[in-house]
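Asks: Listed here are the chains, written in short residue letters.
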Amino acid sequence: MTSRLSRRQRRRISQGIQYALFVAALVLVGVLADWDRLQNQFAQKDLAAELFPDIITTALRNTVVYTLSGFVFGLVLGLLIALMRLSSVAPYRWVASVYIEFFRGLPALLIFIFVGVAVPLAFPGTEIPGGTYGKVALGLGLVAAAYMAETIRAGIQAVPKGQMEAARSLGFSHARAMVSVIIPQAFRIVIPPLTNELVLLFKDSSLVLFLGVTLEERELTKFGRDLASQTANSTPILVAGLCYLIVTVPLSFVVRRLEARADKAK
Amino acid sequence: MPQPEIEIRGLHKSFGDNHVLRGIDLEVARGDVVCVIGPSGSGKSTLLRCVNLLEEPSEGQVFVGGTEVTDIEVDIDAVRRRIGMVFQQFNLFPHVTVTENLTLPQRRVLGRGKSEAAKVARENLERVGLADKADAYPAQLSGGQQQRVAIARALSMGPEVMLFDEPTSALDPELVGDVLAVMRVLASEGMTMMVVTHEMSFAREVADRVVFMDGGVIVEEGPAAQVVGDPRHPRTRHFLDRILDPSAAEAPGPEAGGPAAG
Ligand SMILES: Nc1ncnc2c1ncn2[C@@H]1O[C@H](COP(=O)(O)OP(=O)(O)O)[C@@H](O)[C@H]1O
Ligand SMILES: [Mg+2]
Numbered sequence: 031m032t033s034r035l036s037r038r039q040r041r042r043i044s045q046g047i048q049y050a051l052f053v054a055a056l057v058l059v060g061v062l063a064d065w066d067r068l069q070n071q072f073a074q075k076d077l078a079a080e081l082f083p084d085i086i087t088t089a090l091r092n093t094v095v096y097t098l099s100g101f102v103f104g105l106v107l108g109l110l111i112a113l114m115r116l117s118s119v120a121p122y123r124w125v126a127s128v129y130i131e132f133f134r135g136l137p138a139l140l141i142f143i144f145v146g147v148a149v150p151l152a153f154p155g156t157e158i159p160g161g162t163y164g165k166v167a168l169g170l171g172l173v174a175a176a177y178m179a180e181t182i183r184a185g186i187q188a189v190p191k192g193q194m195e196a197a198r199s200l201g202f203s204h205a206r207a208m209v210s211v212i213i214p215q216a217f218r219i220v221i222p223p224l225t226n227e228l229v230l231l232f233k234d235s236s237l238v239l240f241l242g243v244t245l246e247e248r249e250l251t252k253f254g255r256d257l258a259s260q261t262a263n264s265t266p267i268l269v270a271g272l273c274y275l276i277v278t279v280p281l282s283f284v285v286r287r288l289e290a291r292a293d294k295a296k
Numbered sequence: 068m069p070q071p072e073i074e075i076r077g078l079h080k081s082f083g084d085n086h087v088l089r090g091i092d093l094e095v096a097r098g099d100v101v102c103v104i105g106p107s108g109s110g111k112s113t114l115l116r117c118v119n120l121l122e123e124p125s126e127g128q129v130f131v132g133g134t135e136v137t138d139i140e141v142d143i144d145a146v147r148r149r150i151g152m153v154f155q156q157f158n159l160f161p162h163v164t165v166t167e168n169l170t171l172p173q174r175r176v177l178g179r180g181k182s183e184a185a186k187v188a189r190e191n192l193e194r195v196g197l198a199d200k201a202d203a204y205p206a207q208l209s210g211g212q213q214q215r216v217a218i219a220r221a222l223s224m225g226p227e228v229m230l231f232d233e234p235t236s237a238l239d240p241e242l243v244g245d246v247l248a249v250m251r252v253l254a255s256e257g258m259t260m261m262v263v264t265h266e267m268s269f270a271r272e273v274a275d276r277v278v279f280m281d282g283g284v285i286v287e288e289g290p291a292a293q294v295v296g297d298p299r300h301p302r303t304r305h306f307l308d309r310i311l312d313p314s315a316a317e318a319p320g321p322e323a324g325g326p327a328a329g
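Just so you know, the protein sequences line up as chains A and B, in that order. Note that the first sequence covers residues 31 to 296 in this note's numbering. Note that the second sequence covers residues 68 to 329 in this note's numbering.
To be clear, the hints were calculated from the coordinates, so they are not data collected in a lab. Incorrect hints may have been included.
[Unchecked claim] Heads up, simulated DSBU-like pairs for lysine-lysine below, C-alpha to C-alpha not over 30 Å straight-line:
#: 1; chain 1: B; residue 1: K200; chain 2: B; residue 2: K181
#: 2; chain 1: B; residue 1: K186; chain 2: B; residue 2: K200
#: 3; chain 1: B; residue 1: K200; chain 2: A; residue 2: K191
#: 4; chain 1: A; residue 1: K233; chain 2: A; residue 2: K75
#: 5; chain 1: A; residue 1: K191; chain 2: B; residue 2: K181
[What the hints assert, rightly or not] A few chain B positions that, by computed beta-carbon distances, are all more than 10 Å from chain A:
#: 6; residue: D84
#: 7; residue: H86
#: 8; residue: T164
#: 9; residue: A198
#: 10; residue: S236
#: 11; residue: D239
#: 12; residue: E288
#: 13; residue: G296
Remember, it's a predicted structure, so these values are computed and weren't measured experimentally. By construction, the Cβ of each residue, glycine as well, lies at the ideal position given by its N, Cα and C atoms.
Make a model of the complete structure from these sequences and hints.
Replies: Spelled out as structure tokens, the structure:
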């Protein structure tokens with residue numbers, strides 16, 4: 031018998047120390063934070079109750095509509111750019127590459143301000159179709175398209191080469207083979223990353239804050255902030271935050287399930 | 068002499084500096100089965116892929132059914148409809164069912180109506196003995212079943228010529244027989260076939276002619292019984308010795324690849 035600890039004992043001790051540190055940190059935060067003031071500022075039940083149903087029927091609804099319109103616009107544009115990126119025509123590839131680098135390199139907020147200010151200036155008299163909804167779709171979609179284009183391109187390239195060859199040898203043209211054989215398979219591959227993109231867009235829709243919107247057009251963040259300043263209390267912010275989480279947490283969960291399934295299928 | 072169904076003249080193919088096909092001349096008469104044999108890397112797949120222009124020849128001409136495939140004016144998609152191809156890796160479309168694998172090309176490429184495409188699909192699945200798998204997805208089938216579906220898919224397009232690139236090389240040994248049986252029936256029905264294969268018994272029994280390729284040229288060709296049973300060229304003999312009895316192959320040494328003493 032030696033006095034030295036076995037490997038398992040050492041690991042237990044190390045884990046014990048880690049737990050103790052974790053609990054200590056929690057206790058410290060719990061003791062030091064001024065819970066009463068926090069509750070006063072962020073968790074007033076009657077204030078929270080007053081937010082309903084508007085925060086759902088108007089704000090959450092608008093957030094969803096903005097997200098989906100940006101997603102659909104970005105998806106269509108992203109698919110187009112992905113196909114250009116893979117084109118045998120060099121100028122198409124250049125345009126696609128420049129687009130992708132440009133929009134991935136800029137803060138989404140800047141694009142929003144640009145869409146809100148520059149587009150009306152550049153094309154006087156023309157309105158972006160769909161009003162605020164069109165602007166948001168454009169602002170969110172332009173950036174999302176750059177990311178989705180790269181995702182979709184990778185998805186298309188992940189489809190085995192034999193699929194295109196089989197299709198061509200059956201007499202499909204390149205374009206038809208893409209539409210009927212390659213893209214449907216690529217989309218299965220990119221569903222998890224595209225769903226992730228949906229989560230990002232859902233949060234980015236808060237940038238609508240920087241476009242002038244009417245009361246009916248407010249989404250969660252703007253709604254929460256407006257109500258917070260009206261009531262001089264931050265509870266609406268907390269409730270708005272919870273509304274985001276109600277959607278994003280399950281979506282992220284779905285993404286992880288899809289990814290796990292895709293891994294298993296490999 | 069009637070016009071050959073496949074005619075290859077002075078075919079060269081290079082990938083960059085790699086001169087893979089070095090002057091191939093070959094004719095396949097209508098209804099004939101030609102088996103192409105030869106060591107790995109000798110250019111068999113490239114030859115087959117030049118016939119339906121999956122690879123673009125660097126030089127030379129290819130005619131299928133009298134049409135010059137290599138003519139730059141030719142509608143290559145139209146030509147490919149007349150040439151069925153079966154791959155080593157099956158290449159079924161995994162995202163649709165077996166039936167849809169057969170109907171999708173008919174509908175998108177030939178413009179056939181839904182019910183006609185379904186009817187043709189059913190007939191061809193019966194032909195390969197897989198009518199009961201009509202609604203399965205490719206991943207639910209064994210390799211041998213997938214390859215038979217791939218053959219049925221090619222047949223659904225009503226091809227005049229079928230190309231097979233090592234159709235049984237990716238299969239477990241016990242599944243090879245079913246695929247070869249389907250091919251044998253096809254040959255007996257008068258299909259013109261070019262088959263790259265290592266199945267020597269199939270070549271001997273089914274092929275009208277056997278072509279032995281090595282180093283991008285045809286070394287020897289002739290009736291199956293002669294090329295497989297009594298090869299003239301030492302390289303053919305050496306290759307066949309190794310294929311027919313792999314365990315007898317000499318360990319690779321400085322003289323590896325040299326012809327066996329006859
Ligand atoms: N797409 C390609 N690009 C570059 N080299 C290729 C390509 N396809 C085949 N080759 C080369 O051509 C040679 C012959 O290949 P292949 O026709 O597949 O031979 P086989 O089918 O007889 O084994 C090999 O050296 C291979 O590396
Ligand atoms: Mg090969």
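Asks: Next, verify each hint and record whether it holds.
Replies: How the hints compare with the structure:
With a C-alpha separation of about 19 Å, the suggested pairing of B/K200 with B/K181 holds against the 30 Å cut-off. Annotation: proposed proximity of B/K186 to B/K200 holds, straight-line Cα distance about 15 Å (limit 30 Å). As the CA atoms of B/K200 and A/K191 are separated by approximately 26 Å, the hinted pair is consistent with the 30 Å bound. For the proposed pair A/K233 and A/K75, the alpha carbon gap of about 25 Å is at most 30 Å, so the pair holds.
Our distance criterion of 30 Å between C-alpha atoms is met by A/K191 and B/K181, whose separation comes to about 28 Å. For B/D84, the requirement that its beta carbon stay farther than 10 Å from each beta carbon of chain A is met, with the minimum near 22 Å. No Cβ of chain A approaches the Cβ of B/H86 within 10 Å, the least distance being about 23 Å, so the stated non-interface status holds. Residue-level check passed: B/T164 sits 13 Å from the nearest beta carbon of chain A, beyond 10 Å.
Remark: the non-interface label on B/A198 is consistent with the geometry, its nearest Cβ contact in chain A lying 21 Å away (cut-off 10 Å). The non-interface label for B/S236 is consistent with chain A: the shortest C-beta to C-beta separation is roughly 14 Å, beyond 10 Å. Annotated as non-interface, B/D239 keeps its C-beta farther than 10 Å from every C-beta of chain A; the closest such distance is 20 Å. Consistency note on B/E288: stated as away from chain A, and its beta-carbon is indeed over 10 Å from all of that chain's, at 25 Å minimum.
No Cβ of chain A approaches the Cβ of B/G296 within 10 Å, the least distance being about 33 Å, so the stated non-interface status holds.
Violated hints: none; the structure is consistent with every hint.
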